[in-house]
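Use the sequences and the hints to build the structure in full.
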Amino acid sequence: MAFFAALSGVLALACIWILRAALMALGRAERVEDELEAVRDRLWESEDRAESIRLEGERALEQAQARAEAGSQAKSRFLATVTHEMRTPLTGVIGTAGLLLDARLAPDQRTYARAIKSSAEAMLGLVDEILDLSRVEADRQAPSEEPFSPAALIEEVAELLAPRARDKALDFAVKVGPGVPEEVGGDAARVRQVLLNLAGNAVKFTEQGGVGLKVEAAGGKLRFAVEDTGPGFDPADTERLFEEFERGEGAGQSSGAGLGLAISRRLAAAMGGSLSGFAAPGQGATFTFELPMSQTVEASGDRPLAGLRIAIVSSAPFTGPWLAESLEAMGAAARVVDPAELDAAASPQARLDGTFAALVDREAGPSPSALAAAARFAGAERALLLLSPADRGELDRLHAQGFDGYLVKPVRASSLASRLLDPLGVEDRPAEPAAPAVPFPAGDGLKVLVAEDDPVSALIALAHLARLGHASVHVADGEAACEAFEREAFDAALIDIRMPRLNGCAAARRMRAVELAAGRAPALIFALTANVGDDAAARAAGMDGLMQKPLDRRALEEALAPLAGSRRTAVA
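Every letter in the sequence shown is one number past the one before it in full-length UniProt numbering, and letter 144, counting from 1, is 144.
FYI, nobody ran anything at the bench for these hints, they're computed from the structure.
Fair warning: this is a prediction, and the values are worked out from it, not measured in the lab.
Warning: the hint list may mix true and false statements.
[Said to hold, decoys possible] Cross-link-like lysine to aspartate or glutamate pairs, in silico, EDC-like; alpha carbons within 20 Å at most: (1) LYS447 x GLU557; (2) LYS221 x ASP167; (3) LYS447 x GLU483; (4) LYS447 x ASP491.
Structure below.
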């Protein structure tokens, strides 16, 4: 019995211990559970905070994007406004210079008018430079695909820059290589801007020697190149020069913002081409601009100077050699003669026996007349003077000193052969006749409403319409345009997009409503604008199309031709 009593006591103690241990474990479990619950609460709080932070971040990002978009839109509006305000007077200059070129002008006056027009066109291109850069960066640049003449384009650029070169006593020449098509498809305005940037830089940084601008055809591409005898640059710096706001070592404080080459390369890329540069310090530079050729019209391949021997008396770095190559492409046997060798005591190699003509550079020496006499003495049949436009005032005196005629530098390939073969020696001609207007027969002209607030742009439009034989009525704002349209019927209307009181698109909508209410036949309505981006808005307003400023008479004639043709048929 005692044993069982002891065993019972032990078991009781064991149960108590086990129960105590269980209670203690249960307490710890409850504490752990409480701790886990606290951890879960903290996790939920953290998740809530994280979600709140995420939502706040998304809202901040959306707000930043909205601010950036608003800023971009404000920038676009600002640029559009500024460029429009600058385009208006520039298109006025271009248009009035075009009207002046239609008048009866002496050759030097025509040169000055062309220079005014070319300079204004170049300035108009520069006004668009900032927009060009932003559009290229956004891949919104849409090059046009219109036919243009590569030869005429580089000659145009050369004529614009030649006076700057002349002011620095620099030689400036152009060359059209064999096989260059008569016409190619492309964006002539963009190509012109690239060439103006490249050749303008060459003139700016070259202090002695000269600048040459040429175009060649190779491997299905057009290759434009600008060469100069300037300071050059380290080849290691080539790519850096194409970066924005970078300038060469020789650039002064007034040399621009350093955007020209960057924009030119981007414009070249946008047209599917490339732009590269090569130079060595102190040895000049060459920038090459290549474009794929499309829609080509091949050159005739005529050799009008075949069999003729021609000498170029010049020591200039580009005029002599490049003119010789151009003459050889036309079939002539041409060579460059050093002015120092052209005298009575010259070596037999300097003789010009059998030479049809000697082209004497005005800059070849202090006495061009002596060079002309020496050329004739050496055997040349004729002597023609190569001079700059500024030297035309000396023509009478130079003619009296033995020259048979002259060629203006940079020499145009299109006029080179005709002037050499002119039996009259191409003396200074009388004023050229005015371009003939071709009006429609009496009673056959159209009645056109012109709504334009800028008086110069209005003058250009009215002058073009008059030359085409059309009657016109001018008003200066959109409200007046609608009032005139309600009073009388017009065959056509030219409406400026941006006008006071009522803009062009709103005016066009009201005009279409007037036609509908009155049962009139719809008039041709064209938007007048300097911004091709207005086309969609103009058509949405019911206009038939867009005519870009400065207004071109040929484009205007083509736009009105269908209506004028039907009028002629009706009259007949």
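Are any of the numbered hints broken by this structure? If so, which, sorted upward? Checked against the structure, the only hint that fails is number 2, while the rest are satisfied.
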